[in-house]
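Engineer: Read off the chains here:
Protein chains: 2
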Amino acid sequence: MKEQVIAGIDVGGTTIKIAFITEDGEIKKKWEITTNQKENGKYIMVETAASIKQQLESSWELTAAGVGAPGFIDVEQGFIYEAVNLGWKEYELKKELEALLQIPVVADNDANLAAGGEKWKGAGEGARNLLAVTLGTGVGGGIIAGGQIIHGESGMAGEIGHITALKEGGAPCNCGKRGCLETVASATGIARLGLEAVQREKKGYLMEKMQSVGTVTAKDVLDGAKLGDPVAEKVVDEAMEHLGLALANLCNSLNPETIVLGGGVSKAGDFIIDKIKASFQKYAIPKIGRETKINLAALGNDAGVIGAAWLAKEFFVKEEG
Amino acid sequence: MKEQVIAGIDVGGTTIKIAFITEDGEIKKKWEITTNQKENGKYIMVETAASIKQQLESSWELTAAGVGAPGFIDVEQGFIYEAVNLGWKEYELKKELEALLQIPVVADNDANLAAGGEKWKGAGEGARNLLAVTLGTGVGGGIIAGGQIIHGESGMAGEIGHITALKEGGAPCNCGKRGCLETVASATGIARLGLEAVQREKKGYLMEKMQSVGTVTAKDVLDGAKLGDPVAEKVVDEAMEHLGLALANLCNSLNPETIVLGGGVSKAGDFIIDKIKASFQKYAIPKIGRETKINLAALGNDAGVIGAAWLAKEFFVKEEG
Chain A
1 MKEQVIAGID
11 VGGTTIKIAF
21 ITEDGEIKKK
31 WEITTNQKEN
41 GKYIMVETAA
51 SIKQQLESSW
61 ELTAAGVGAP
71 GFIDVEQGFI
81 YEAVNLGWKE
91 YELKKELEAL
101 LQIPVVADND
111 ANLAAGGEKW
121 KGAGEGARNL
131 LAVTLGTGVG
141 GGIIAGGQII
151 HGESGMAGEI
161 GHITALKEGG
171 APCNCGKRGC
181 LETVASATGI
191 ARLGLEAVQR
201 EKKGYLMEKM
211 QSVGTVTAKD
221 VLDGAKLGDP
231 VAEKVVDEAM
241 EHLGLALANL
251 CNSLNPETIV
261 LGGGVSKAGD
271 FIIDKIKASF
281 QKYAIPKIGR
291 ETKINLAALG
301 NDAGVIGAAW
311 LAKEFFVKEE
321 G
Chain B
1 MKEQVIAGID
11 VGGTTIKIAF
21 ITEDGEIKKK
31 WEITTNQKEN
41 GKYIMVETAA
51 SIKQQLESSW
61 ELTAAGVGAP
71 GFIDVEQGFI
81 YEAVNLGWKE
91 YELKKELEAL
101 LQIPVVADND
111 ANLAAGGEKW
121 KGAGEGARNL
131 LAVTLGTGVG
141 GGIIAGGQII
151 HGESGMAGEI
161 GHITALKEGG
171 APCNCGKRGC
181 LETVASATGI
191 ARLGLEAVQR
201 EKKGYLMEKM
211 QSVGTVTAKD
221 VLDGAKLGDP
231 VAEKVVDEAM
241 EHLGLALANL
251 CNSLNPETIV
261 LGGGVSKAGD
271 FIIDKIKASF
281 QKYAIPKIGR
291 ETKINLAALG
301 NDAGVIGAAW
311 LAKEFFVKEE
321 G
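Quick mapping for you: the protein sequence lines, in order, are chains A and B.
Taking the UniProt record's numbering, the leading residue of the first sequence gets 1, the next gets one more, and so forth.
Taking the UniProt record's numbering, the leading residue of the second sequence gets 1, the next gets one more, and so forth.
Because the hints were derived from the structure by calculation, they are not lab data.
Any given hint might turn out to be false.
Any copy, or any two copies together, can satisfy a pair, since identical chains are not distinguished.
[Claimed, not checked] Cut-off 30 angstroms, straight-line C-alpha distance, at most; resulting in silico cross-link-like pairs (DSSO-like, lysine-lysine): (1) Lys53 x Lys267; (2) Lys2 x Lys89; (3) Lys53 x Lys29; (4) Lys28 x Lys203; (5) Lys167 x Lys267; (6) Lys277 x Lys167; (7) Lys293 x Lys167; (8) Lys89 x Lys287; (9) Lys282 x Lys89; (10) Lys287 x Lys167; (11) Lys167 x Lys234; (12) Lys203 x Lys42; (13) Lys89 x Lys219; (14) Lys28 x Lys95; (15) Lys234 x Lys282; (16) Lys28 x Lys219; (17) Lys38 x Lys202; (18) Lys95 x Lys287; (19) Lys53 x Lys2; (20) Lys267 x Lys287.
Pulled out of the complex, with its shape left as it was, chain A reads as follows (with noise of 0.2 angstroms):
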């Protein structure tokens, strides 16, 4: 009998992510095709869906696949209203890519797909209650609850980057607002920051830096940091103020188990992790404060590939028994 195996498709705007994952969520085969942006995308599941195909070994039955995108999406239909990076806009996923594969197919959102992959073989592993935030150029989120992506009424829910950290004098957003979360918590948020701030003190790690390479990033703002330049550290305490309260409100709301934290800004590790729990645990109800884990993400770049095939797994694969 050949091994079942699930698709996981995670679609980007310069690379698409493949794996084939068994229904217990090991990994046989992932690679890796470059994003065919021409004629507004629509190349791009005729090329997967051709990949898929060339690398499914003979052993294997391919079962399912689910497909993360960044945008809003219809999951029950699989209808695409708008992916900006792809060119996709009231686009048939799902339905264009069981045309091409013959078996059935599950779309969502490329941020509540890493949420999954974290709650099914991640930092998250077996929660049903589940809050993944992806701290990258913008501030990104996930949520599970009851063991289910929450998608809201017009597939918005996630969107924990526009929480309005800053009532007043805050910086301008891209979503038209001023002051949310995404510009202080994000990689471009602590750079600003730092920039500010390096512009006001003119010392320090972070002024070095501005007189050799003639900017300041995240990353500077961050070692800075963890090298004890009081300037640096700074930034890095506000922006972890700021969104250990915006976490602590939504907790308040939601009371996950976990906590998940990925994207580029994570990878400041514990020391960003401690800052955050120390500002959660200030502003979240004390029995939550004390119970909810705050956890750096585990899968990092295949925890899309690994949540699509999960979703797809919870949509099509019978449990046994």
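Dock chain B against the given chain A, drawing on the hints supplied.
Structural biologist: Relative to chain A, chain B alone:
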């Protein structure tokens, strides 16, 4: 054939509200009995079951019961960790009532069931994603996402009253923190802010109340604000600004279709809804600010029993066809 009915039960510290409700949500009969708090509430379910048997008409068949109680509940087990107002602690609510009535029983937190009631037959009718907010002595909440009540890891989901509204200088809260939403937007909070304002300003509608009655209530503040008293209106504006921000931050993460506002403070009606909307739209992602409905609760005191029956129907009644 007998008409099938579900018992909806809403256990409060003073009275127990009970209703027979059809599977379509029609209340056939409703009544109340007094809550017997003797011996840690051990007679509450005995007396509830006896009353149900007595009120059941011979033309009805009782198929299931739903019961709401104030406290933290393990819904799968129907187990009450603690319901302080009733004297219950580690109490097998579901098992006890099932033994008494010989029908399947489901139990949940009363605020969650009020949300369920408004979702089924009230101001959020049919919504699959709904946030119910009760502005009473405290600020309570119930979250429905993807058609399901969100419980969180230890039954604490929906505790939106403990979102931190004031990072600094806030009043102490029962939860042990300071500056919780509940300290400014509940009836208690509005009364406190009103008292502080009149002691500071010593004039206007609230000063008259203070001089004639010796204190100021939340209703006085809301009445004064409606009459155009500037001291009172400033208090209401402050409270609703905090509430609108907290709701916007939650909705940026949960993307509900509808927010339903109930409890004593909500009796001020459109006057406060308009203020909440103004703050909400300032802080929500623009699309969420435009699309999220903010409605007054429609079911009043019936929300709990209707929500209890809804949950029992969801758990136990098979859909036809």
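Engineer: Confirm or reject each hint.
Structural biologist: We went through each hint and held it up to the structure:
1. Lys53 x Lys267: Neither: 35 angstroms inside a chain and 62 angstroms across chains, both beyond 30 angstroms.
2. Lys2 x Lys89: neither (38 angstroms within a copy, 53 angstroms between copies)
3. Lys53 x Lys29: Within one copy, since 13 angstroms is at most 30 angstroms while 62 angstroms is not.
4. Lys28 x Lys203: Intra 51 angstroms, inter 75 angstroms, cutoff 30 angstroms: neither.
5. Lys167 x Lys267: The answer is both: 29 angstroms in one copy and 28 angstroms across copies each meet 30 angstroms.
6. Lys277 x Lys167: Cα proximity of Lys277 and Lys167: in one copy and across copies (23 angstroms, 16 angstroms).
7. Lys293 x Lys167: Both: 28 angstroms inside a chain and 23 angstroms across chains, each within 30 angstroms.
8. Lys89 x Lys287: Close across copies (17 angstroms), not inside one copy (44 angstroms); limit 30 angstroms.
9. Lys282 x Lys89: between (43 angstroms within a copy, 28 angstroms between copies)
10. Lys287 x Lys167: Both, since 27 angstroms and 19 angstroms are each at most 30 angstroms.
11. Lys167 x Lys234: Both, since 20 angstroms and 18 angstroms are each at most 30 angstroms.
12. Lys203 x Lys42: For Lys203 and Lys42, the Cα distance exceeds 30 angstroms both inside one copy (51 angstroms) and across copies (69 angstroms).
13. Lys89 x Lys219: Classified as neither: same-chain Cα gap 34 angstroms, cross-chain 50 angstroms, threshold 30 angstroms.
14. Lys28 x Lys95: within (26 angstroms within a copy, 46 angstroms between copies)
15. Lys234 x Lys282: both (18 angstroms within a copy, 29 angstroms between copies)
16. Lys28 x Lys219: neither (34 angstroms within a copy, 65 angstroms between copies)
17. Lys38 x Lys202: neither (46 angstroms within a copy, 70 angstroms between copies)
18. Lys95 x Lys287: Close across copies (27 angstroms), not inside one copy (45 angstroms); limit 30 angstroms.
19. Lys53 x Lys2: within (16 angstroms within a copy, 58 angstroms between copies)
20. Lys267 x Lys287: within (28 angstroms within a copy, 32 angstroms between copies)
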